[in-house]
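Colleague: Produce the entire structure from the sequences given, and follow the hints as far as they go.
Single-letter residue listing:
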Amino acid sequence: MEDLRSNILAYIHKHETCSSTELCKEMNVEHQKIVGALNSILAFGEIISAQPEVTSRLELTDEGRQVADHGSHEAVLFASVPAGDGAPQSELMKSVPNAKIGFSKALANRWIRLDKSAPGGPRVYRQVESVSDRIRHCLQMVAALSLDSLTAEERAELKKRKLVQEGRVTVYRVAKGPAFTLTLAKEETELTAEMLATGVWQTLTFKAYNFKALGQQPDCGHLHPLLKVRAEFRQIFLEMGFQEMPTNRYVESSFWNFDALFQPQQHPARDAHDTFFLTEPAACRLDAEQADGYLARVKAVHSNGGYGSIGYNYDWKESEAQKNILRTHTTAVSARMLYQLAQQPQFQPTKYFSIDRVFRNESLDATHLAEFHQIEGLVADYNLNLCHLMGIIREFFHKLGIRRLRFKPAYNPYTEPSMEIFSYHEGLGKWVEIGNSGVFRPEMLLPMGLPESVSVIAWGLSLERPTMIKYGINNIRDLIGPKVDLKMICDS
Amino acid sequence: VGRSIIEIILLGSRVVGRAFAAALREEYAASQQAAKNRQQSSSSSGGDSDQSGTASAISGLSLKEAMQILHVENLEDKSRIQHQYDHLFGVNDRKKGGSFYLQAKVFRAKERIDQEIGQQTVDPTYSQRMPVVQIEKAALCQCLNRKDFTDEEVDELCFEFGLELDEVTSEREMLAKEQGDAKAAQMGDQLSDAVIYKIEVPANRYDLLCVEGLSRALMVFQSLAQPPLYKAVQPAAGMQQMRVAPSTAQIRPYVVCAMLRNLSFTPASYKSFIDLQDKLHQTICRQRSLVAIGTHDFDTLTGPFLYEALPPSDIVFKPLNQTKEFSAVELMQLYSGESHLKAYLPIIRDSPVYPVIKDANGVVLSMPPIINGDHSKITLNTKNVFIEATATDAHKASVVLDTLVCAFSQYCSEQFTVEAVQVNYPDGRASIYPSLAYRQVDIQVDYLRKGVGRSDSQLTIDEICNRLTRMCLVAKATSDATVSVTVPPTRHDVLHPCDVLEDLAIAIGYNNLEMSLPPTLCTGKQQPLNSLTDKLRLEVAFAGFTECLTFALCSEKDISERLRLPLDSLPAVRIANPKTLEFQVARTSLLPGILKTVHSNRSLPLPLKLFEIQDVVYKSTDSSGSAVNSRQLAAVYYGKSSGFELIHGLMDRIMQVLGVPVDQYKLSATEVATYFTGRCANVLYKGSPVGTIGVLHPETLAQFDLTLPASAFVFDVE
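Protein chains in written order, with my numbering: chain A, 1 to 492; chain B, 1001 to 1718.
What the hints contain is simulated information worked out from the structure, not anything from laboratory work.
Treat the hints with care, as some may be off.
[Unchecked claim] Residues on chain B that point at chain A, a partial pick, calculated with CB under 7 Å:
id, residue
1, A1203
2, N1204
3, H1395
4, K1450
5, P1497
6, A1505
7, I1508
8, N1512
9, L1513
10, M1515
11, T1523
12, Q1526
13, T1550
14, L1604
15, N1629
[Said to hold, decoys possible] As a list, the in silico DSS-like pairs of lysine-lysine whose alpha-carbon atoms are at most 27 Å apart:
id, chain 1, residue 1, chain 2, residue 2
16, B, K1640, A, K487
17, A, K399, A, K470
18, A, K399, B, K1535
19, A, K317, A, K299
20, B, K1525, A, K487
21, A, K105, A, K162
22, B, K1525, A, K399
23, B, K1231, A, K487
24, A, K430, B, K1137
25, A, K228, A, K399
26, B, K1383, B, K1271
27, A, K470, B, K1535
28, A, K430, B, K1198
29, B, K1137, B, K1183
30, B, K1525, A, K228
31, A, K487, A, K470
32, A, K430, B, K1177
33, A, K212, A, K487
34, B, K1377, B, K1342
35, B, K1279, B, K1318
36, A, K470, B, K1064
37, A, K186, A, K33
38, B, K1557, B, K1535
39, A, K228, B, K1535
40, A, K207, A, K176
Positions of the beta carbon are idealized from the N, C-alpha and C atoms, including for glycine.
Modeller: Right, here's the structure in full:
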C-alpha cells in the first residue's frame, strides 16, 4: 500500500496529471486498489486533487472475478483431466467446480474428448497437449480496464456467459494539489503517555478530529422512568406537608378495601371480574375490628343506616368482609390510617399521601395492566369542604405545571360530593380526565369514631398515565413488566 | 421488515417486474417466520399475554409493523387509519397494476390494528364503568325547548350535570361501525342519519337510565319543568292480587308488582321501555341475580296471580317468541346455546325448584329470571302493562319497580299515576306496591352553606331551595336554620344529607365555587422504608446497574420450577380467579421478573446489569389469614462470564452504604437449587441469613431461555 502510494505520487510528479485507469495500467494493479490508494493520499490533505468522472464500463461479475483469478471453467476442467489415461466423467463432475459448464465448453473447444463406451463408465481424455485460457486472459484485461484489445465477439461471449456486466465505473482525473509532496508523513491519532515522556509530541503532526461523530456512551446505570416520576410526585407531596402512609400491604381484606369504605357487598367492583380473590390465604380474621365494635358499626351502617343515613338496606355478611383480595386501591390503607387517627384521644388534623401498586383483574392491552400505581392524597381536618378540595388539587397540579383545571360531578361509592378532575390538554385541544376526588362519606368516617365536624377530602390519579404522556410511551407494556424496553429506560 | 414495505408502497402503483414479486414473496415468508419465532420465544420464556408485541397468529404482524405498513402513528386517529387503508388497498389493486401481496399485507395490517383498538378503553384509575344512554338530538331539543344547539353546548350541559357526552353518532354510523360501511350502505333508507348522543350516566342514578328519565331530569335542571308528583292509586274495584307460595323461599323469595293503565306506546317509547329493563338488569339487578323484571299485556291475563316455585319438569309453557311449548328442563337446554340468555341460567339451574308466575287460569307469565311467557307478551298496541319483579333482595326490587314506573307513567292517560298491586306473603303479611315513597329530610342550612363554602348573604335559603328543586329535590324552608327536602321515589341514590349537599353544589356549578386552600398545617414525612429504598436505588444505579420494574404477580412456575424450587416450600399467596396463567401467585422473589427482562432484552450490548427493589409477598405463618409484603433487592449480572466478582462487589458496596461494618456480615457457602453447585452463599447479617448470592445454575438459565452465564443476589432490605 505504501509502495503503491509513493509510486502514484512519483508518477504524478512526472506527468502532472493522469487518470486512474492510466495508473492502473502503469502499476499493473486493479482499479479498486488504485482508488483505495488515492483515497488514502487524499486523507492526508491537499496533496493531490481527484475529480471523479462516471463512465459506463464492463466490469467483472462475481463469477467473472473467480474466473479471472483461477482460470475459466473449461481450463480448470482440462487441467483436472490427467494427460494420457484420462479420468471417469462422473468423478470429474463431482470433484471439479462448475464442471458442467467447463465440460461442455472444453468439449466444444475440442480440448477433450469423451469415450462413452470405456469400461467403468464414460471416460474423458485430453485431446490437445495444452490450452491457452483466452477467457481468463480477456477477463484479466477487463479487470485492468484495458478493453481496447477485446474483440466485439469476445465481449459478447463474456456477457453471454455472465462473466462481465455493464457497470458504472468512477474514474478519477488526478492532478497535483496545492500541498503536493512525494513523502507522506504519518499523522498521529492519539496523544500517548510515551509521547509526553519523550517529548516527541512537539515534532509530530496530529490527525484532525471529526467533531461531528458521536462520543462513546458512558457505562452507567439508570433508574426506571416510572419510578423517577414517582419520586417527583413524592417530592410534591412532601413539599406540601403530607405524611407518607405505609402501603406495603398488597393483600387486603374485603373489609378494609370495600366495607370500611361503605361500598356495598353487591357492588360490581367486588365482582370476580374486577377483583383478584385469593385461595391462599382465602380469608382473614377481623378480631381487632370486632373487639372494639367497629365491625358491628360498619355492619349496621350498611344494613340499616345510621349517622343520618338510611343505609343500603341489605343483609351484610361478615364472611364476605373476611375474604382476602389483592387491594384494588390504596384507599384501603387510607381507611386503616383514618381508623387509627380516630383511635387517638384527641383528633389531630392530618395530611396523608401514598403512591403504590394496586391490582385489577383486567385483561392486558396497550392501556391496561392488571397492576398499576395509584397516587393518593388526603386531608383530614375540621370543616373541610369542596372549596378546600378544589383548592388543594389546584395547588397540587400547579406544582406539576398543569394550570387549566375544571371539575365534573361524578359518582364514587365512598365519596360524596365526588368530582372528576379534568385538565385542558394543549396537544389534543380538549379536556381530558386526569384524576378523581371527593369528600369521604360520613357513613365511612363516623363508624370509625372520627368527630362529626371532621371532614376528609381526598384525590387520586394513576402514576402510569402522566409518565406515559411525559415520555411519549403509547404502550404501557413498554413501561412495566418483563417486556420492558431497557433501551427506553436508558434513553429517558 | 415493515419499513421497507411501506417505502415500496409509497412509491405508488408502478408496475413491478418479476424480480420484485420474488422479493416480495421472500419478504412475506420472512415476516411469517419472524412472527413464528417471536411466538415461540415468548411461549418458551413462559411469555406473558402481551398481545401487541407478539405478532398475531393470523396476520403474522406485530402492532408496530402494522402501524408502519399503514403509516399511522396514532391509534386514536381512526379516520386516518381508515383513510390510509382505503388508499393503500386501492393503489395496490391488481387491476391497477398493483400487487396482491401488498394488498394482502395492507389488509392484514388493518386487521391487526382493529384487533388492538377493540381492546383499548379508558384509564381505569378510580372510575366505574358507567352505563350509556342514547338520546336523539331532536328529542333532546324538544325537551329542552330549543330549536337547535351545538354538540359543544350539549357537552357543556352534560359536564355541568355530571354526565359525560361519550359520542355523537347516528343509526347509520353505529351500524357501519359494527358491521362495516357496505352493510350500512345496503340498508339504505332503513337507517336514519338523525344525530344521536350517547351519554354516560353515573352508576347510581338509575332514574337516568332511559331517555324519559334523562330528559325529564335535564328539563327540571334547566327550570323548564317542575318535578312531577308520582302517585300509586288503589282502584275502586279493588287491587290486583299476587299470592306468594311458601315454595319460593327456597329460590327467590320476593316479588313486587305494579300496573300501568291506559298507556300509549310509540315505537320509540316501546323500544325505550325494553331498553330500560335491559339496563336495569345489567346494573342494579346484577345480571338478574338480585332482581328480574317481567312486563305483560294485562288484557291477555286474568288475576289473581300466583308466584310459586315448582320442580322444573312441572313447568310447561310457550316461552317468548317460540312457537311451541317447552318444559323448564327443555328450556334450560334450549337456552344454553343462546348468547343472550345463557348467562342467567346458573342463577336457578341447580335448584330443585324453579320460580314461576301464573295467572288465575294457570297461564304462565314468566319463569324468572330466565324468560317470559309468549302468551302475555307486550306489543306496541298494549294498553295495560302488568309489571312483576322477582328478587332475592326486597329493597332492590322495590327500587327497580319505582324506577321503571316513574319513567313510563308519563305515557299513561293519567300521567305519573300508577295502579297499585297487593302482594300477599304466606305468613299473612300483605304489601302494596309500588311504594313510590316520598321521604322528608330536614337539613341544617349551615351544613349546606359550609359544604359549598358560602356565607348567609352569598347563599340565601330561597336560593338553596330553588337550586335543590332543580335537582328534583323539592325543598322548603322550615325555619331560618333548616330546610326540609323531599326525596322523590326517583332518587334512591340519596342516602344522607351529604348527597343533598352534592346536588346543591352541582346546581350551583362546581366550577363556580371559590377555591381555597385547607388551613391544615402539617409537616411532611416519608416512610423510613421508602426513603431507605430510594437511597439504595440511587446507589445501585450509580454502580452501573439499571432498574427494572416487573409485575408483582406471576405464574406458579415462575417462582418454583423455573427457579428449581419445590412449590410447596414457598409461602406463596395464590390467586383464586386469574384471567391468565401469568397471574397465579404473588411473587416470592424478584429474580424471575428480572430474568424475564434479561431474556426480552438479550439482544442489547453485553453485559446486562439489572436490579429491582420492590415488594414480594409472603403468606403469614400465623392463623390470622393474612399476608405480608417484604422489601427485596435483587441484582443480576448477565454476560460472557459469570461476573460473580461484580455482583459480590455490589453487595459489599450496599453493605458499606447501609453502614454495616465488614465484621458484621459475611458470606457462608450453602446449596440453593437456583444457584450452581458450590457457587452459592447465604448472606449473613449478625449471623442470621438476609439473602443469597451466587452464580445461577445452568438449568435455571435454561428455564429462562438464557444462553450466557449470570450471577445474582437477592437480599431482604427490611
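Colleague: Decide, hint by hint, whether the structure agrees.
Modeller: Quick rundown of the hints versus the structure:
1. A1203: holds, 6 Å
2. N1204: holds, 5 Å
3. H1395: Hint on B/H1395: holds, closest Cβ of chain A at ~4 Å, below 7 Å.
4. K1450: Holds - the Cβ of B/K1450 comes within 7 Å of chain A, reaching about 6 Å at its closest.
5. P1497: Holds - the Cβ of B/P1497 comes within 7 Å of chain A, reaching about 6 Å at its closest.
6. A1505: holds, 5 Å
7. I1508: Where the cut-off is 7 Å and the nearest Cβ of chain A is about 10 Å from B/I1508, the hint is violated.
8. N1512: violated, 10 Å
9. L1513: Holds, about 5 Å.
10. M1515: Constraint on B/M1515 satisfied, holds at 4 Å.
11. T1523: holds, 6 Å
12. Q1526: holds, 5 Å
13. T1550: holds, 6 Å
14. L1604: With a closest approach of 6 Å, the B/L1604 hint holds.
15. N1629: holds, 4 Å
16. B/K1640 x A/K487: The given pair, whose Cα atoms are some 20 Å apart, holds under the 27 Å limit.
17. A/K399 x A/K470: holds, 15 Å
18. A/K399 x B/K1535: holds, 24 Å
19. A/K317 x A/K299: Holds, because 8 Å separates the two Cα atoms, which is no more than 27 Å.
20. B/K1525 x A/K487: violated, 34 Å
21. A/K105 x A/K162: holds, 14 Å
22. B/K1525 x A/K399: holds, 18 Å
23. B/K1231 x A/K487: With a Cα-Cα distance of about 68 Å, the restraint between B/K1231 and A/K487 is violated, given a limit of 27 Å.
24. A/K430 x B/K1137: holds, 22 Å
25. A/K228 x A/K399: Holds, because 16 Å separates the two Cα atoms, which is no more than 27 Å.
26. B/K1383 x B/K1271: holds, 15 Å
27. A/K470 x B/K1535: holds, 24 Å
28. A/K430 x B/K1198: Holds. A/K430 to B/K1198 sits at ~18 Å (cutoff 27 Å).
29. B/K1137 x B/K1183: holds, 24 Å
30. B/K1525 x A/K228: Judged against 27 Å, a Cα distance of about 19 Å means the pair holds.
31. A/K487 x A/K470: holds, 17 Å
32. A/K430 x B/K1177: holds, 24 Å
33. A/K212 x A/K487: Status holds; Cα separation ~23 Å.
34. B/K1377 x B/K1342: holds, 21 Å
35. B/K1279 x B/K1318: holds, 25 Å
36. A/K470 x B/K1064: holds, 20 Å
37. A/K186 x A/K33: Roughly 20 Å between the alpha carbons, so the hint for A/K186 and A/K33 holds.
38. B/K1557 x B/K1535: violated, 33 Å
39. A/K228 x B/K1535: holds, 13 Å
40. A/K207 x A/K176: The hint holds at about 22 Å.
In this structure, the earlier hints numbered 7, 8, 20, 23, 38 are contradicted, and the remaining ones agree with it.
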